[in-house]
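Participant: Letter by letter, the chains look like this.
There are 2 protein chains.
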Amino acid sequence: MAEMTPQMLGYAAGFLTTVAFVPQVLQVYRSRSARDVSLGMFVLFSTGVVLWLVYGVWIESPPVIWANAVTLVLALAVLGAKWRWPG
Amino acid sequence: MAEMTPQMLGYAAGFLTTVAFVPQVLQVYRSRSARDVSLGMFVLFSTGVVLWLVYGVWIESPPVIWANAVTLVLALAVLGAKWRWPG
Chain A
-7 MAEMTPQMLG YAAGFLTTVA FVPQVLQVYR SRSARDVSLG MFVLFSTGVV
43 LWLVYGVWIE SPPVIWANAV TLVLALAVLG AKWRWPG
Chain B
-7 MAEMTPQMLG YAAGFLTTVA FVPQVLQVYR SRSARDVSLG MFVLFSTGVV
43 LWLVYGVWIE SPPVIWANAV TLVLALAVLG AKWRWPG
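Protein chains in written order, with this note's numbering: chain A, -7 to 79; chain B, -7 to 79.
For the record, the hints were derived by calculation from the structure and aren't laboratory data.
The structure displayed is predicted, hence computed values, not measured ones.
Do not take every clue at face value.
[To be verified] On the chain B side, residues computed to face chain A include the following (Cβ under 10 Å):
{"id": "1", "residue": "Gln(-1)"}
{"id": "2", "residue": "Thr9"}
{"id": "3", "residue": "Phe34"}
{"id": "4", "residue": "Asn60"}
{"id": "5", "residue": "Ala61"}
All C-beta atoms in this analysis are idealised placements derived from N, C-alpha and C, irrespective of residue type, glycine included.
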């Protein structure tokens, strides 16, 4: 078995913190309710992810770019649900 | 004015994606309801943040360590609210 490297650990971490948003997106669209989801959280988070994306492009890091591009789409989907079903 | 560096941008990004969880924590504890918050999201996210934390310690990056230590506390607070008030 290959030895674990910090880079592998970083990829696993980035994978988890990105796919984490999938069940949240599914939940708000299935229930058509986003009352308990914080608007402030998703506005701040999406803004931060845009900055991470610019950072990734600047330092030319494909994993940072990809993880944040996917996270941005998912976070904006939650924000859209909050806008439609604020509760 | 000092020129913007990628590192400054990274700090700004990390600050936003960390403090983003503060309004979410306040909202679920004030309303005592976390029905629309996805359990799966916060379990996966917290696990990923633990891995980011280990990654930060491994590569000896204080900003990665601090940002993820704070995020972990906030994400676990949301998870605690979900456990108490699942809705």
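Participant: Can the hint on Ala61/B be confirmed by a CB-to-CB distance to chain A that is less than 10 Å?
Facilitator: violated, 14 Å
Participant: Against chain A, run the beta carbon of Phe34/B and see if the smallest gap drops under 10 Å.
Facilitator: Constraint on Phe34/B satisfied, holds at 8 Å.
Participant: Restraint: Asn60/B near chain A, CB-CB cut 10 Å. Satisfied or not?
Facilitator: For Asn60/B, the interface hint holds, since the closest Cβ of chain A sits about 9 Å away, which is under 10 Å.
Participant: Let's test the interface hint: is any C-beta of chain A closer than 10 Å to that of Thr9/B?
Facilitator: holds, 4 Å
Participant: Quick check on the hint: Gln(-1)/B CB to chain A CB, less than 10 Å?
Facilitator: holds, 9 Å
Against the hints set out earlier in the document, a violation occurs for number 5 only.
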